[in-house]
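Engineer: Residues per chain are reported as follows:
There are 2 protein chains.
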Amino acid sequence: MNLNKIILCGAILSSIILGAQTKEKVTSHVNPFIGTGAADGSPLSGNNFPGATVPFGMVQLSPDTRSTPDWSVACGYNYNDTTIAGFSHTHLSGTGVAELFDVMLMPFSGAIVKEAEGENAYQSKFSHKNETAKPGYYSVQLLDYQVKAELTATTRAGFHKYSFPKNKEAHIIIDLDHSMKKSDWNTRIIASQLSFPNNHTVEGYRIITGWAPMRKVYFHAEFSQPIIRNHVKDGGNSYDNARIVNGNAIRAILDFDVSKQQEVFVKVGISATSIENARLNVESEIPAWDFEKKVKEADAVWEKELGKIKIDGTDEQKQIFYTALYHTYIQPNTLSDVNGDYPSADFTVKKASKPYYSTFSLWDTYRAAHPLYTLIQPERSADFVNSMLAYYKVFGYLPIWQLWGQENYCMIGNHAIPVIADAVMKNLPGIDSNLAYEAIKNSAMREHPGSPFGIWEKFGYIPENLKSQSVSLTLEMAYDDWCVAELAKKLVKIEDYNHFTKRSQFYRNLYDKEIGFFRAKDDKGNWIGPFDPLKYGANGGYPFTEGNGWQYFWYVPQDVKGLIGLVGNDQLFTKKLDTFFTLEDKPEEVNDNASGFIGQYAHGNEPSHHIAYLYNYAGQPWKTQKYTADIMKKMYNTTSSGYSGNDDCGELSAWYIFSAMGFYPVNPANRMYVIGSPILKEAIIELQGGKTFKVTAKNVSDQNVYIQSAKLNGKTYTKTFIKQSDLDSGGTLEFVMGSKPNKKWGIRTEDRPAN
Amino acid sequence: MNLNKIILCGAILSSIILGAQTKEKVTSHVNPFIGTGAADGSPLSGNNFPGATVPFGMVQLSPDTRSTPDWSVACGYNYNDTTIAGFSHTHLSGTGVAELFDVMLMPFSGAIVKEAEGENAYQSKFSHKNETAKPGYYSVQLLDYQVKAELTATTRAGFHKYSFPKNKEAHIIIDLDHSMKKSDWNTRIIASQLSFPNNHTVEGYRIITGWAPMRKVYFHAEFSQPIIRNHVKDGGNSYDNARIVNGNAIRAILDFDVSKQQEVFVKVGISATSIENARLNVESEIPAWDFEKKVKEADAVWEKELGKIKIDGTDEQKQIFYTALYHTYIQPNTLSDVNGDYPSADFTVKKASKPYYSTFSLWDTYRAAHPLYTLIQPERSADFVNSMLAYYKVFGYLPIWQLWGQENYCMIGNHAIPVIADAVMKNLPGIDSNLAYEAIKNSAMREHPGSPFGIWEKFGYIPENLKSQSVSLTLEMAYDDWCVAELAKKLVKIEDYNHFTKRSQFYRNLYDKEIGFFRAKDDKGNWIGPFDPLKYGANGGYPFTEGNGWQYFWYVPQDVKGLIGLVGNDQLFTKKLDTFFTLEDKPEEVNDNASGFIGQYAHGNEPSHHIAYLYNYAGQPWKTQKYTADIMKKMYNTTSSGYSGNDDCGELSAWYIFSAMGFYPVNPANRMYVIGSPILKEAIIELQGGKTFKVTAKNVSDQNVYIQSAKLNGKTYTKTFIKQSDLDSGGTLEFVMGSKPNKKWGIRTEDRPAN
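Those protein sequences? They're chains A and B, same order as listed.
Just so we're aligned, residue 1 is where the first sequence starts under full-length UniProt numbering, counting upward by one.
Just so we're aligned, residue 1 is where the second sequence starts under full-length UniProt numbering, counting upward by one.
Next comes chain A alone, as it looks inside the complex (with noise of 0.2 Å):
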C-alpha cells in the first residue's frame, strides 16, 4: 500500500484549519485501501471497494478485480488481487452480495485480438506500487497496457481519465455484460441497447435482474477525443462501426487515435430512468472537461462532511476513524435524477422535490450506522427516512434491505422501524410523523415476506416449525415492536401503545430458564431438542441468523433490565457476560459470515455489536471499557485487512466511530448512547443549528482504557450513559482516563442506562 504517500499528499494539499490540534485535512487520513482484502484471502474484511465517489452519490466508479464478482469480492475488488478487469460505475461497500458493478470501461492499448475476446479479455496486472486511492479519486497503472487510469466522480456521474502509451494502439472497452457471476441470484440481462449518436458519445441502457429485482440502468457517455471507429459484440453477433446495437451481452472495444494528444476523458452520467436524464446528469454535474476540478469537488465535499466529526489521536486511529467516516458515508445511494426523476417501487418513474435515497442494508444499519446519520447528517437522514415513505406509499411497508429501489428481502425484521422512529423522536427536520407512523404500524401489521405478524400474535413468539430463524425472529420483532410502541406513545396513541409495547415483551416466550438460553419452541409450545448454544445458523433453516444461541441471547436492547431479571440479577448477568466473552469453544461448523472472535463475541457480524456494552447495565462499567477498548484493538486496523468480517454497508465502521468517541446506541431509537471506551485525546461532533458536542479524555493511551472520572459541562457525571438531550444542547464531556480500572464509577444503579 502506499499510505506514506498519501498522508504525505494529503498533508502537502492541506489548507483547512480544522481545530487547535490538527492543521492536515480530514480527508488525508482516509485510506480507501482499508478493508479491501484479508490478509490471507479469506473474503472477510470489510469487502470495500477503494474506487472513487462522493457522499452518497449514485456513481461508485472503481475498479472491479474479477470479471464476474461473486459474494466473495462483493465489492468488485480484492487486494490480494493481480489484475483489473475494468472500472464499473456501480458498486456496494462491504455487504455480502455482489451486485451492481454497471457500465463497465476499461482503457488498453496495442492491436485487437480477436480471439481474446471473452470475459477475461483485456484484463491487466497492475500493482499496488502503482496504485493510489483518496476521497473522490483513484488511479492506477495498467502495466499490461502501460495506461494510466484516473477515476474521479460526482453524484450522478463518473470521469475517467486514460493516458495511453503514444505510438501503440489506444483502445476503450465499454461492457455492458459485466456483472457478478450470472449464476447467482439467477442473474440476467433482459435487453440492453448501446448506441453511437455522434463520434464523441455513447449511450444506452440495460434492464437486469439479479439480487435486485429488474435494474433499469441508463447511461450516456462523452468522450474528449473522437470515436474512430467501433467494434461491438453482443453474444454471437459482432458489428463493425454499428450505429446502435440492441443485445442482452453487449461489449464494444472503440478506437481512439492518441497520437497528437494521449489523454483520452470520458464523462459518463448513470441514470435509473432515462438515457435523457443520464445526459441531463452529467452535464449538470460535468459540464466541462476539467478533470482536476472535479477531483478538487470531490475532496471539497468530502472534507466538508468528513469534518462533521473532528478528532484529534495518534495517525493510525485517525486514519482508522476517517476511513471508518468514508464509509458509512457512501450509502445510502442517491436514487433520483438531478431533475428528481426516480424509479418508484412499482417500477414507474416518479419525481421527488428533494434527493431519493435507495441501498439500505437495514438489518445492519439500524444499529449504529442511521444513529450516526441522524447524529450528523440530519438533513439527509431526513431524506432517507421520506425516501422509505415515499416507498411505503407505493409497497405497503418500509424496505428491509432495498437496492437501487427495490426490495430484496434480504436478512430479517423490519429495520426501517427503528430508523423511523428514531428520526421521528430526534425531531428531524420535514418528516411527515403521521405518515411515518402509519408506515411503521403498518410495517409491523401487514404481513409480508419473513414478516409473520399473524402467528406472532397468535403465538407471541415464532414456532420455528412454522417459520426459520425462529428465535432470531422473535428477538428482532420484539425489538421493533419496542419501536412502535414508543413512537405510538409520542403520538398519543394509547391502544397501539399498549398493543406494541405487550408485542416487544415476546421475546420472555423463548426463554428457557433451565437451560438459560433463548431458544426454539414448535407450534404446540414445545422446545425444539437437542440445544446447543455453541451452534451456528446463517440464513435460515436454523433458529438463529448469522449467530448462535450465545451471541443471540442479548439481543433485548429495549429492555435489559428484564433480560438481567430473566438471568437473576446482576451478578448472574454479568458473569454470563464474562463467560461470553472467554468461551472460546466453537462447534465443527462455524457460519461463514462469523469472524472477528472474542469468546463468543463475533465482531464480524452485527448480533453481537452491541454486547460489550451491556456491562454498564448491570453495574460493571470497567469491563464495557475493557472489552470495547479491545475490540477496538483488535478488530480496527489501518491494512486491506482492517475489518474484522463485512463492513455491510458502513455499520462496522458505524460502530467504530462511535465506540472510539466513547459512547454507542444500544437501543439504536431510545435517544440514549451508553459509554464505552473513549479512545480519542478529543472528538468534537458539529451538529444541527452550529452547535458542537466536545468528548475528550485526558491520558488516554493503550493501557489507558478505563474511565476514572467524568464531567459533563464542567459538573461530575458519573452516569454511564449519556442523552440525546445533552448532545442536542452542545457542550463537553471531559473522561479522566487510566490504566486501572475504576470500579466505583459509574455503579450506582442512578447511573445506569435506562432501557
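It is worth saying that the hints were derived from the structure and are not from the lab.
Heads up, a few of these hints could be off.
As the list claims (entries may be wrong) - Here are the computed lysine-lysine pairs in the BS3-like style, where the Cα-Cα straight-line distance is at most 30 Å:
1. Lys-350(A) - Lys-351(B)
2. Lys-350(A) - Lys-393(B)
3. Lys-502(A) - Lys-393(A)
4. Lys-441(B) - Lys-233(A)
5. Lys-233(A) - Lys-393(B)
6. Lys-393(B) - Lys-351(A)
7. Lys-350(B) - Lys-350(A)
Since the structure of chain A is already known, use the hints to place chain B on it.
Structural biologist: Frame of chain A; chain B shown alone:
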C-alpha cells in the same frame, strides 16, 4: 356450437341496412369459435380465442382452458378442452407461441378448499351447449359452480358479469401468477403486487419476462359488491385479509355475499405504464355499471368496422368472411393509455398524441393483413406505421416481431419494410415519408440479430455456414430490399435506388439451374449438399424457414418475371407450378407448422400464400382460379377447425378476405393485386373519402369458379390484376363466372401482372 342462437340473435338485433341484399347485421355472421381447436385435437387450427374484445384493443378478455398454456394452445383456449381455468385479459390470436394471459379472474361458488390451492384449483367444467361468443361478448356456464360468466370489453378494460347461485358462498379468484408455462421461454415473474385500497377495489401489477422481454402490466379492478374478505397466496406465503401483497406468484380469493344480489360485476382497466393509468383507462371507458350498454357499444364498434366490407354470398361464406375480418381486427393492439402514455422500446414511458400500437407479427402479416389494413383501415394503418416509426427512433431499426412494445426477434427478414414502404407509396395520411425512408433504409443497413447485412453485401447471398435459414433469408431480404428501392425511387434517392435494386436481385445467386431450385451455398460459393426439395426446415439449423425448397422456390414476389426467366419460359414455369400443386410426396419429417397441403402447397404456413396466384404471370390464369378456389374450399370452414394452421395474427384470415373478393397482393408493396377466383356474389369495399369499390361475380357457385369475362366500370377488362389506383378511384369490377376455364381470358402478355 350455438351458431344458430348467435345468428338468430344477430337477426333480431339487426337494425342497420347494409346493402340492397343484406339486411342483417354483419356482426351476426361472426363466429368467434372458428379456429379455436382442430377436430383431431392437433394444435393447428387457427389458435384463435373466443373471448370478448373490440377492434385493435389492448384487452382481449377470454377464457383460458389451461392453467399453464403452451404453444399448442397459444391463445389460451382449445375447443376440445372441457375445463376453464379462468378469464384473463390479454391474448394473442393465432400465434405459434403462447404469451400474455394477464390478470386472470375466476369465479367459483361453495367453500374454499384449502388443499386445492394449486394451479389447477377451482377450474370448472364447461360445455359448448352453455357457451356463447359474439363480437365483444362471451358467456359460459361454469358447471362445477353454477356460475354464469359473461364478459365484454372496451379498448383498455374488461367488464365481467358473474351470476352466482343464491345460497352458496361466492368467490372470485384474481390470479397474477397465471401465465404461459413458466418453463417455456424462461418465463419469470420478476415482481408483482396486489392491493386492496378499499372494499370495492383491487389493483396491482406484474413485471414479467418471457417471449416478450420485460412486460409491465398494471391493472385497476372495481367490484360492484363489497369484498367481504380476501385470502392471498404468494407461493408458500399466505395472507388473510391482506391490504397489500408484493410477491411473484400472487393469487387471491375474494369472498362476496350474494344472498341479496347474485350478480357481481367487475370492471378491470389494464395499462402498460401505471396503476393510475389503468384506473384512468377503466374510468374513462367504463364509467358506469351498465354491462348491457357496453355489450351493445362493443357490438356497434364491430358493426362499424366490419361493415367496411359488405358482402353477398352464402351464409357459410359470410360466416367465414366476417369471422376472418374479425380476426384480422384483433391486432395490432393498442398499447397506449387513454392519456397517450405508452411503454417505449427503451423501457421508459413516452406520450403519443395518437394511439400507439404493438403486436406486429410481421413475417406473417406483411403479406395480406397489412395490405388489407391499408385498404379499409387507412388511418389506423398510418397509426401502425407511426407506432413503428416511434419505435424505430428509440430502437434504431424497425420491429421484426414486436409484442407489448418489445422485440422478440421471432422469424426472419425485416418485413416492417414492405408495410411502411407500401403505406408511404399509398399516401396514407400523416406519415413523415422522410422519417419512414430513414427507418426502412436503416433497418436494411444496420446489422441486427437475424440481419447480417455485412455478409449480405459481401457475398450477394447469405452463406448457410455463416448464418442459418440462408435460402429463406436470401429470398426475403431481397424482397425487402426491393421495397426500399421502390421508396427510394419515389423519393428520388437515385444512389440508394440503385444500391437496393442491386440487392433485390441477390436471389439469383442461390438459384441452382442444374436442379432448378434455390439452395444453400457456403461462404466459398459452393453448393451445400445433398439437396432435397421436400425436406423441411423449422426455425434454424437448415436453409429453409418453416418450409421446404419447393415452397420457397416461388418467393420472388418482386420479380416474378425474373423467376420465370430462371426457369426458362412460361411453359416450364407453369409446369413446375403444376408439379408443385400435385406432388404429394413428403419427407419423413415435416415441420410441425406445416399443414393445409395441396401437393407441396402448404396453406398452414405463409411461404405458400402467394403461389397459387403465380399462374397469372405466365399466362394460365384459369389455374390460379382453380387453385385459389380450391384453397378457399378446402382450407376454410365454419367449425372450430376452420383454419388449416395458425391464423398468425389474422394472416390466414386476410388471405381469405382478399381471395374471396377475387384478388390478392402477391407483392404486398407494389400497389397491384393479382386476380384469382371471386367466390362472393358481391363485395363492396368502403374506401377513404366515402368512395366504394364493388366486386361482383355473376353466376358464381361452388362449381362456377372460373372467370369467363370481366368489366371494370362497365368496360371489358381482360387484365389478370388490378391496380391500387383503380380501387382508389372507386368503381365496379364485374366478373362473369362459369364452371369451365375460359382459357382465352387474361392470357395476353399485356394482361399479365407486371412485377
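Engineer: Does Lys-393(B) lie within 30 Å of Lys-350(A) when you go C-alpha to C-alpha?
Structural biologist: holds (24 Å)
Engineer: Is Lys-233(A) within 30 Å of Lys-393(B), Cα to Cα?
Structural biologist: Given pair Lys-233(A), Lys-393(B) holds - Cα atoms ~22 Å apart, limit 30 Å.
Engineer: Taking only the CA atoms, is the gap from Lys-350(B) to Lys-350(A) under or equal to 30 Å?
Structural biologist: Judged against 30 Å, a Cα distance of about 14 Å means the pair holds.
Engineer: Regarding the pair Lys-502(A) and Lys-393(A), is the alpha-carbon distance no greater than 30 Å?
Structural biologist: Holds: Lys-502(A) and Lys-393(A) sit about 27 Å apart, inside 30 Å.
Engineer: Would the pair Lys-441(B) and Lys-233(A) pass a check requiring their Cα atoms to be no farther apart than 30 Å?
Structural biologist: holds (22 Å)
Engineer: Straight-line Cα separation of Lys-393(B) and Lys-351(A) no greater than 30 Å?
Structural biologist: holds (25 Å)
Engineer: Hinted pair, alpha-carbon criterion (30 Å max): Lys-350(A), Lys-351(B). Please report holds or violated.
Structural biologist: holds (15 Å)
In summary, the structure agrees with every hint in the numbered list given earlier.
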